[in-house]
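Asker: Chain B: place on chain A using the hints.
There are 2 protein chains.
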Amino acid sequence: MVRAVSAAEITAVVNVGDDVELHGLHISPDLDTITYTVSGSIDLERGWGLAGETWNAMGALARYPLARTWFNLGDRDLATHLYRTDRLRAGARLSSVSQEIADAWSLGLHLLPVTDDRLQTRVTVDGEGEIGFQEYFVQRQHSVPVTTVRFDGAEAARPAAGVLDAIRGARRVVIAPSNPLVSIDPVLAVPGVRAAVEARRADGVAVSPIIAGAALKGPADRLLRELGHEASVLGVARLYAPLVATLVIDEADRELAGAVADEGLRCVVAPTIMRGPDDAKALAEVVLA
Amino acid sequence: MVRAVSAAEITAVVNVGDDVELHGLHISPDLDTITYTVSGSIDLERGWGLAGETWNAMGALARYPLARTWFNLGDRDLATHLYRTDRLRAGARLSSVSQEIADAWSLGLHLLPVTDDRLQTRVTVDGEGEIGFQEYFVQRQHSVPVTTVRFDGAEAARPAAGVLDAIRGARRVVIAPSNPLVSIDPVLAVPGVRAAVEARRADGVAVSPIIAGAALKGPADRLLRELGHEASVLGVARLYAPLVATLVIDEADRELAGAVADEGLRCVVAPTIMRGPDDAKALAEVVLA
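First to last, the protein sequences are chains A and B.
Position one of the first sequence corresponds to residue 0 (numbering that gives the first Met the number 0), numbered consecutively onward.
Position one of the second sequence corresponds to residue 0 (numbering that gives the first Met the number 0), numbered consecutively onward.
Just to be clear, a hint being listed does not mean it is correct.
[Unchecked claim] Here are the simulated distance ranges between beta carbons: (1) B:Glu127 / A:Ala155: 35 to 43 Å; (2) A:Asn71 / B:Glu154: 56 to 64 Å; (3) B:Glu154 / A:Ala160: 38 to 46 Å; (4) B:Thr53 / A:Ala213: 37 to 45 Å.
[What the hints assert, rightly or not] Just some of the chain A residues that point at chain B, by a computed CB distance under 7 Å: (5) Asn55; (6) Ala56; (7) Tyr82.
These are computed hints drawn from the structure, not numbers from a lab.
From the three backbone atoms N, C-alpha and C, an ideal C-beta is built for every residue, glycine too.
So here's chain A without its partners, still in its complex pose (with noise of 0.2 Å):
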């Protein structure tokens, strides 16, 4: 996207559920993967965290048989964390720290967190309970069945200062090819938030992060299932009706075309899966036009 407009007119409006406490550092994985990836500092094959990272910290931790080593943190991301964790005690909102994080990488775009409220996805597994998103997503990397997800928090949540005002004013509203149900859904989940994007329907284009009935990578299709949608561009059809008028599908799925268009969406074809910046570019254009 930022090489398909210029970075000072785009607002990423970014999900928190994820967000979590270790070790006493808040750690925000969308926001930083959003500002690592930007920067262009991301690790591509690892998908996450930075590129020419180092472990030290983390292998040293290893040592004590009652620390919690299941969620990677390298040595320069550490910093990160370390620096919006003492922000955050000195009393600054996270929308303040992300934007000073953003700047800091010279990522030249807003980067709103949703809510500087707390908000913490919960998912059901089966047989377990309730558990953290980072307990059901790294630590039993995504691989039991889930039967609930819950945004606790929500309900009391605020959207952080420019989150509306951006949907309002925004050219488009894209609602990027993350999983909807875990990553879209808890951004709707703040009150007004929905209803904002709703409003700005017209205006509205979402990708599908479905190609040929699966996710590229993570739960997506499995959540889908799961959860009782369709593993399918007619699942994410269904579930993005309201919110946007067009839905932006794989060359994969193009039989698919006709069907998504009787969900009520313009549905536009074109290839969604972003090898490298030029893909995305491309993408971000389709979007765009």
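Answerer: Using the frame of chain A, we list chain B on its own:
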């Protein structure tokens, strides 16, 4: 000391007034210095932290303009703080966590913070008012005049489980050649500890941290003068006379042995500069004898 007697016979009762919370992490410099020293892992040249340490987290932290970077934290050292903080947040006592850390480093000795309660050394600095100990010691490199030292929280602090018993049951109560005013005093400031040490005065031995009027490192000499004491083995003798029957002074101060005795202490003259484990073992044997 661990070379002179079996480690299992040793209980180290340690100052926590230097503890500092930074970036959300609970840092206990004195406890860690003992752990790293006894395990042979300390960086001997630097005098703190781990040998062969890397500094990638701190280097990355410097990217953030508002980051507090004056307190250096090595990557492997960070693991200790992450672990301690995580355990404290899970409800463990500092004394339990310190023993877990000591065990993980195979120290073999009992490592006890003097208290599990909050006790913070604070110093009043000329022209600045009261600041935290690490702000004085590290950030200002103890190069500013001090008018008062206060142990915030001391009155309400209770000795950690095992502290008083260790003092009562010890064959020897040893006061290490540490800073009397900011390292030993905060230990004694916990209600019950000074009285327990005084009750064992006959078996108590202190080693003077002042040699020929100067501290080997740190601001002990300067602080003694600034706070109205004599920066000499005599000043040390006057502070410790109620606590221990014997003061070990360095050979460089041999001519003051009589004056020390006049303060009511048995004076032992011995080499007290510990240039390595052999020197340290010899000094421990003097102290134990």
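Asker: None of the hints should be skipped; say for each whether it holds.
Answerer: Taking the hints in turn, this is what the structure says about them:
1. B:Glu127 / A:Ala155: 35 to 43 Å: With a Cβ separation near 41 Å, Glu127 (chain B) and Ala155 (chain A) satisfy 35 to 43 Å, so the hint holds.
2. A:Asn71 / B:Glu154: 56 to 64 Å: Violated, at about 43 Å.
3. B:Glu154 / A:Ala160: 38 to 46 Å: With a Cβ separation near 43 Å, Glu154 (chain B) and Ala160 (chain A) satisfy 38 to 46 Å, so the hint holds.
4. B:Thr53 / A:Ala213: 37 to 45 Å: 40 Å Cβ-Cβ, so the 37 to 45 Å window holds.
5. Asn55: Since the shortest Cβ distance to chain B is 4 Å, the answer is holds.
6. Ala56: Interface hint status for Ala56 (chain A): holds (5 Å vs cutoff 7 Å).
7. Tyr82: Since chain B brings a Cβ to about 5 Å from Tyr82 (chain A), closer than 7 Å, the hint holds.
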